[in-house]
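Participant: Here's the letter readout for the chains.
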Amino acid sequence: AQTVTQSQPEMSVQEAETVTLSCTYDTSENNYYLFWYKQPPSRQMILVIRQEAYKQQNATENRFSVNFQKAAKSFSLKISDSQLGDTAMYFCAFMKPVLDNYGQNFVFGPGTRLSVLP
Amino acid sequence: GAVVSQHPSRVICKSGTSVKIECRSLDFQATTMFWYRQFPKKSLMLMATSNEGSKATYEQGVEKDKFLINHASLTLSTLTVTSAHPEDSSFYICSARDFGGGTPYEQYFGPGTRLTVT
Chain A
622 AQTVTQSQPE MSVQEAETVT LSCTYDTSEN NYYLFWYKQP PSRQMILVIR
672 QEAYKQQNAT ENRFSVNFQK AAKSFSLKIS DSQLGDTAMY FCAFMKPVLD
722 NYGQNFVFGP GTRLSVLP
Chain B
779 GAVVSQHPSR VICKSGTSVK IECRSLDFQA TTMFWYRQFP KKSLMLMATS
829 NEGSKATYEQ GVEKDKFLIN HASLTLSTLT VTSAHPEDSS FYICSARDFG
879 GGTPYEQYFG PGTRLTVT
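For the record, the sequence lines run as chains A and B.
Residue 622 is where the first sequence starts when you use our numbering, and the numbers rise one by one after that.
Residue 779 is where the second sequence starts when you use our numbering, and the numbers rise one by one after that.
Hints in this document: simulated from the structure, not taken from any laboratory.
Do not rely on the hints blindly, as some may be mistaken.
[As the list claims (entries may be wrong)] Some chain B residues close to chain A (C-beta under 7 Å, calculated; not the full set): (1) VAL840; (2) PHE887; (3) GLY890.
[Claimed, not checked] The list that follows gives simulated cross-link-like pairs (lysine to any residue, SDA-like), each with its CA atoms no further than 25 Å apart: (4) LYS798/B / LEU705/A; (5) LYS833/B / ARG671/A; (6) LYS820/B / GLN678/A; (7) LYS842/B / THR624/A; (8) LYS819/B / SER628/A; (9) LYS717/A / SER821/B; (10) LYS820/B / ILE670/A; (11) LYS694/A / PHE806/B; (12) LYS717/A / PHE806/B; (13) LYS819/B / PRO718/A; (14) LYS820/B / ASN651/A; (15) LYS819/B / ARG664/A; (16) LYS819/B / LYS676/A; (17) LYS819/B / ILE667/A; (18) LYS798/B / VAL640/A; (19) LYS819/B / GLU800/B; (20) LYS842/B / ARG671/A; (21) LYS717/A / LYS844/B; (22) LYS820/B / TYR675/A; (23) LYS820/B / ALA692/A; (24) LYS833/B / PRO718/A; (25) LYS844/B / SER783/B; (26) LYS717/A / SER867/B; (27) LYS717/A / GLU837/B; (28) LYS798/B / GLN665/A.
[Stated by the list, open to error] Covered stretches of chain A, as calculated for chain B (at least 3 residues, CB under 8 Å): (29) 641 to 651; (30) 659 to 665.
In this text, a Cβ means the ideal position worked out from N, Cα and C, and glycines have one as well.
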């Protein structure tokens, strides 16, 4: 079974600074997807960024970028020019393209609580 | 983007009663829907996967007789918590996947339902 680890339970960053959230995962699959989701106080899950494992190029979405190291099974999220609205829980997630025998193919990490300080 | 709604957003019920939570995909057909449970300050735990017109696939440790899932149409899945007890109090989140769209790996999350059992 796949596992996702986020070693930083909490982090803080000053507004306008840059912060990196770490994520590692364990899988024997070669083809998969990785995601970062944001969960603000409203509890609504919001997709931040997505990476296909077969793509070597790191995904970028405006101020958000990832450092995907497939061999190391690492998938960190960099937030540049942090804004107060970035304060939220951030979950790293792994997905296999198809369901396995137990029906689970989407695994979330434990989350990192990010606080952006004014 | 695709929208998933949940109803109700909050519900309080008495111990021993049953409560139903609805999850609807508003602008796409969801062949697969997922139900998650989230404890305070914790990650999302997948409870079950439901495919339209077939029985749900439950994760290990989830009581299928307690958490009844029905996916009767391509836009609606329901989770019924039967004979609720205080330990069932939690935040329940559904998500839906549109295999017919251009992004079959994408999961669209509902806003969640907070269940409190007194």
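Participant: Does each hint hold? Answer for all of them.
Facilitator: Structure-based check of each hint:
| no. | hint | result |
| --- | --- | --- |
| 1 | VAL840 | violated, 10 Å |
| 2 | PHE887 | holds, 4 Å |
| 3 | GLY890 | holds, 5 Å |
| 4 | LYS798/B / LEU705/A | violated, 36 Å |
| 5 | LYS833/B / ARG671/A | violated, 30 Å |
| 6 | LYS820/B / GLN678/A | violated, 31 Å |
| 7 | LYS842/B / THR624/A | holds, 24 Å |
| 8 | LYS819/B / SER628/A | holds, 15 Å |
| 9 | LYS717/A / SER821/B | holds, 19 Å |
| 10 | LYS820/B / ILE670/A | holds, 21 Å |
| 11 | LYS694/A / PHE806/B | violated, 33 Å |
| 12 | LYS717/A / PHE806/B | holds, 22 Å |
| 13 | LYS819/B / PRO718/A | violated, 28 Å |
| 14 | LYS820/B / ASN651/A | violated, 28 Å |
| 15 | LYS819/B / ARG664/A | holds, 11 Å |
| 16 | LYS819/B / LYS676/A | violated, 33 Å |
| 17 | LYS819/B / ILE667/A | holds, 17 Å |
| 18 | LYS798/B / VAL640/A | violated, 41 Å |
| 19 | LYS819/B / GLU800/B | holds, 24 Å |
| 20 | LYS842/B / ARG671/A | violated, 32 Å |
| 21 | LYS717/A / LYS844/B | violated, 28 Å |
| 22 | LYS820/B / TYR675/A | violated, 30 Å |
| 23 | LYS820/B / ALA692/A | violated, 28 Å |
| 24 | LYS833/B / PRO718/A | holds, 21 Å |
| 25 | LYS844/B / SER783/B | holds, 23 Å |
| 26 | LYS717/A / SER867/B | violated, 30 Å |
| 27 | LYS717/A / GLU837/B | holds, 16 Å |
| 28 | LYS798/B / GLN665/A | holds, 20 Å |
| 29 | 641 to 651 | violated (count 0) |
| 30 | 659 to 665 | holds (count 3) |
Figure legend: structure checked against the earlier numbered hints; hints not met, in rising order: 1, 4, 5, 6, 11, 13, 14, 16, 18, 20, 21, 22, 23, 26, 29.
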